[in-house]
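Peer 1: In case you want the letters, here they are:
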Amino acid sequence: MRLAFILSEIGSGLRRNLSMVVSVILVTFVSLTFVGAAGMLQMQINQMKGYWYDKVQVAIFLCSDGSTAPGCASGPVTPEQQQGLNALLKSPAVAQYINDFQFESRDEAYKHFKDQFSNSPIVDSVTPDQLPASFRINMKDPEKYQIISETFSSQPGVETVIDQRQLLERLFSVMNGASLVAVGIAGVMIVCAILLIATTIRLSAFSRRRETGIMRLVGASKTVIQLPFILEGVIAAVIGAALASGTLWAVAQFFLGDYMSRQYPDTAFISSGQTLILAPALLILGGSLAGISSLLTLRRYLRV
Amino acid sequence: MIRFENVTKVYDQKARPALDSVNLEIDRGEFAFLVGASGSGKSTFLRLVLKEDRATSGAVYVAGQNVARISSWRVPRLRRGIGVVFQDFRLLPQKNVFANVAFAMQVIGKSRSVIRDTVPEVLKTVGLEGKEHRMPHELSGGEQQRVAIARAVVNRPGILLADEPTGNLDPTTSMGIMGVLDKINQNGTTVVMATHDDDIVNEMRKRVVELKNGVVIRDEAKALYTSMIPVVGQSRRLKDASGREAPDDGLPGNGAEGEARQ
Numbered sequence: 000m001r002l003a004f005i006l007s008e009i010g011s012g013l014r015r016n017l018s019m020v021v022s023v024i025l026v027t028f029v030s031l032t033f034v035g036a037a038g039m040l041q042m043q044i045n046q047m048k049g050y051w052y053d054k055v056q057v058a059i060f061l062c063s064d065g066s067t068a069p070g071c072a073s074g075p076v077t078p079e080q081q082q083g084l085n086a087l088l089k090s091p092a093v094a095q096y097i098n099d100f101q102f103e104s105r106d107e108a109y110k111h112f113k114d115q116f117s118n119s120p121i122v123d124s125v126t127p128d129q130l131p132a133s134f135r136i137n138m139k140d141p142e143k144y145q146i147i148s149e150t151f152s153s154q155p156g157v158e159t160v161i162d163q164r165q166l167l168e169r170l171f172s173v174m175n176g177a178s179l180v181a182v183g184i185a186g187v188m189i190v191c192a193i194l195l196i197a198t199t200i201r202l203s204a205f206s207r208r209r210e211t212g213i214m215r216l217v218g219a220s221k222t223v224i225q226l227p228f229i230l231e232g233v234i235a236a237v238i239g240a241a242l243a244s245g246t247l248w249a250v251a252q253f254f255l256g257d258y259m260s261r262q263y264p265d266t267a268f269i270s271s272g273q274t275l276i277l278a279p280a281l282l283i284l285g286g287s288l289a290g291i292s293s294l295l296t297l298r299r300y301l302r303v
Numbered sequence: 000m001i002r003f004e005n006v007t008k009v010y011d012q013k014a015r016p017a018l019d020s021v022n023l024e025i026d027r028g029e030f031a032f033l034v035g036a037s038g039s040g041k042s043t044f045l046r047l048v049l050k051e052d053r054a055t056s057g058a059v060y061v062a063g064q065n066v067a068r069i070s071s072w073r074v075p076r077l078r079r080g081i082g083v084v085f086q087d088f089r090l091l092p093q094k095n096v097f098a099n100v101a102f103a104m105q106v107i108g109k110s111r112s113v114i115r116d117t118v119p120e121v122l123k124t125v126g127l128e129g130k131e132h133r134m135p136h137e138l139s140g141g142e143q144q145r146v147a148i149a150r151a152v153v154n155r156p157g158i159l160l161a162d163e164p165t166g167n168l169d170p171t172t173s174m175g176i177m178g179v180l181d182k183i184n185q186n187g188t189t190v191v192m193a194t195h196d197d198d199i200v201n202e203m204r205k206r207v208v209e210l211k212n213g214v215v216i217r218d219e220a221k222a223l224y225t226s227m228i229p230v231v232g233q234s235r236r237l238k239d240a241s242g243r244e245a246p247d248d249g250l251p252g253n254g255a256e257g258e259a260r261q
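Residue numbers (numbering that gives the first Met the number 0), protein chains in the order written: chain A, 0 to 303; chain B, 0 to 261.
Misleading hints may appear alongside valid ones.
Here's a subset of chain A near chain B, in silico, CB distances under 8 Å, partners left out [unchecked claim]: (1) Y52; (2) S90; (3) M214; (4) G218; (5) K221; (6) V223.
Some chain A residues flagged as far from chain B (calculated, every beta-carbon gap over 10 Å) [claimed, not checked]: (7) L13; (8) V93; (9) Q95; (10) K113; (11) I121; (12) Q154; (13) C191; (14) L242; (15) Q252.
Since the hints were derived computationally from the structure, they do not count as laboratory data.
The beta-carbon is built from N, C-alpha and C at its ideal position, and this holds for glycine as well.
I would like the entire structure built from these sequences, with the hints used as guidance.
Peer 2: Given below as structure tokens:
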């Protein structure tokens, strides 16, 4: 009975305040979309970093079947050449610049590739043979890349030496900047949302002060009086959060998944499934923002 | 049922207290009028009973409980034991008569079947049979006040507080309302009614408590609106507060003193 009563109170409150409720939904929708966009950018950066990015700076790719580089004239890298490179990496001349290094075999390369490109159709057309084995080097000072490059580029069995950071660093700094901007906008929008929710609840409490006055007099509990107002705000904010989650999912599914991954097949994009990790966080964030701001408002404007 | 022990209520430190050392006891099942000019402290008295305000000093007991000791989350329980009626009815305009009365039961979680049984019964008590589905604006002032009374007593409170319930009504209608309140009182509910309406007080011949500037200056059983008893013999403090000498109107003085309370 009491639950049914509270639900009907919520319903009538939402109906009476429809335009305000719609604006709460829209503001939480926009603000949480920005929060989610910042989250998605970070997820995308992680996706692009792949397995090695945070562990090493320089990769020495060894010759494979199809290699055309001058160092690969003698065909794929031989075990002897590989031994030689290993020894060179351990020699004092080189070892003073590097922290450590690891060898990635073709099978390992294939495994890491599959992980990174799990969302892309490209993964089906690649076999371990097409991926080169490599030495992955963690530099003491990444700026000394040039030394490694000069030492190893001319070695037999080396196809190419790549400074991974140089390729991605600039892109990542742009993306990090973008996510900072998104967080900044989200912050302002969240303040808007909190104030708007507070105003809406205040209006709602004011327009129903007759009812709440009578409820107090006949001895209704604080919960019965306040809960409909709080839930009104929370429901509106959760609807906004659900819309934001849906938008992020759609961006990942249709923009990144369908359009971008066709334009840039060699880039790993996050999947729409991954964005759903953000959804519960956004729902909880929206709901608790609304709950807290309506609770604080009611404490001032609805004496029980 | 209601006991004030030396209760003082100060709203503003610079002004005189709204209630000044009031001692008063209203027994279970009693019917008492609270009379006095505007600002004499009648509304403050009612607010203190409801724990809408805290007494500045002294103790207010309602149904044997010191209201200052009731924690805030138990105040609703206190208020369930008290019905309140106002001058301006305070009905919900978008609900019909039945829904207005049922509202008081819904918000404290009464089941639908109990509501269906109780509301018609109470509407019969206040004389509104067959008007369950009228809207408040379709009712006369007297009928609206009956709905408000029905709402106040539907949860069977032990106390009914009425703050000038006849203030907006004509004399005939007012007498009808008094009949309803009297009937409720005879069913065992303690009724405290603040009023300016001298005709009603004179007609009912119930206990009258007169307040002036926050002080009880008269407390008589079966009394009239204006005092027939000279203030002679009451405590000096009260006389000072009342600010008047005993009226020399030849009415019995000491003989009626025995009936006076306080």
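Peer 1: Checking a non-interface call: every C-beta of chain B should be farther than 10 Å from the C-beta of A/Q252. Is that right?
Peer 2: Given that every Cβ of chain B is farther than 10 Å from that of A/Q252, nearest at about 46 Å, it holds.
Peer 1: Holds or violated: is the Cβ of A/S90 closer than 8 Å to a Cβ in chain B?
Peer 2: Since the shortest Cβ distance to chain B is 78 Å, the answer is violated.
Peer 1: Using the nearest Cβ pair, does A/G218 come within less than 8 Å of chain B?
Peer 2: 3 Å, holds
Peer 1: In terms of Cβ atoms, is chain B entirely out of 10 Å range of A/K113?
Peer 2: A/K113 clear of chain B: closest Cβ-Cβ about 59 Å, beyond 10 Å.
Peer 1: Would you check whether the claim that A/L242 is not at the interface survives, using Cβ distances to chain B and the 10 Å cut-off?
Peer 2: 32 Å, holds
Peer 1: Hey, does A/C191 actually stay past 10 Å from chain B on C-beta?
Peer 2: At roughly 32 Å from the nearest Cβ of chain B, A/C191 sits farther out than 10 Å, so the non-interface label holds.
Peer 1: Hold the hint about A/M214 up to the distance rule: shortest CB distance to chain B must be less than 8 Å.
Peer 2: 5 Å, holds
Peer 1: When you look at the beta carbon of A/Q95, is every beta carbon of chain B farther off than 10 Å?
Peer 2: Nearest chain B Cβ is 72 Å from A/Q95, so the label holds.
Peer 1: Non-interface claim for A/L13: all C-beta distances to chain B beyond 10 Å?
Peer 2: Consistent with the label, A/L13 stays out of reach of chain B, its closest Cβ about 16 Å off (over 10 Å).
Peer 1: Minimum C-beta separation from A/I121 to chain B exceeding 10 Å: can you confirm that?
Peer 2: 62 Å, holds
Peer 1: Have a go at the A/K221 hint: is there a Cβ in chain B nearer than 8 Å to its own Cβ?
Peer 2: 7 Å, holds
Peer 1: Just checking, A/Q154 versus chain B, shortest CB gap more than 10 Å?
Peer 2: Non-interface label on A/Q154 holds, nearest chain B Cβ at 80 Å vs cutoff 10 Å.
When each numbered hint is compared with the structure, violations occur for hints 1, 2.
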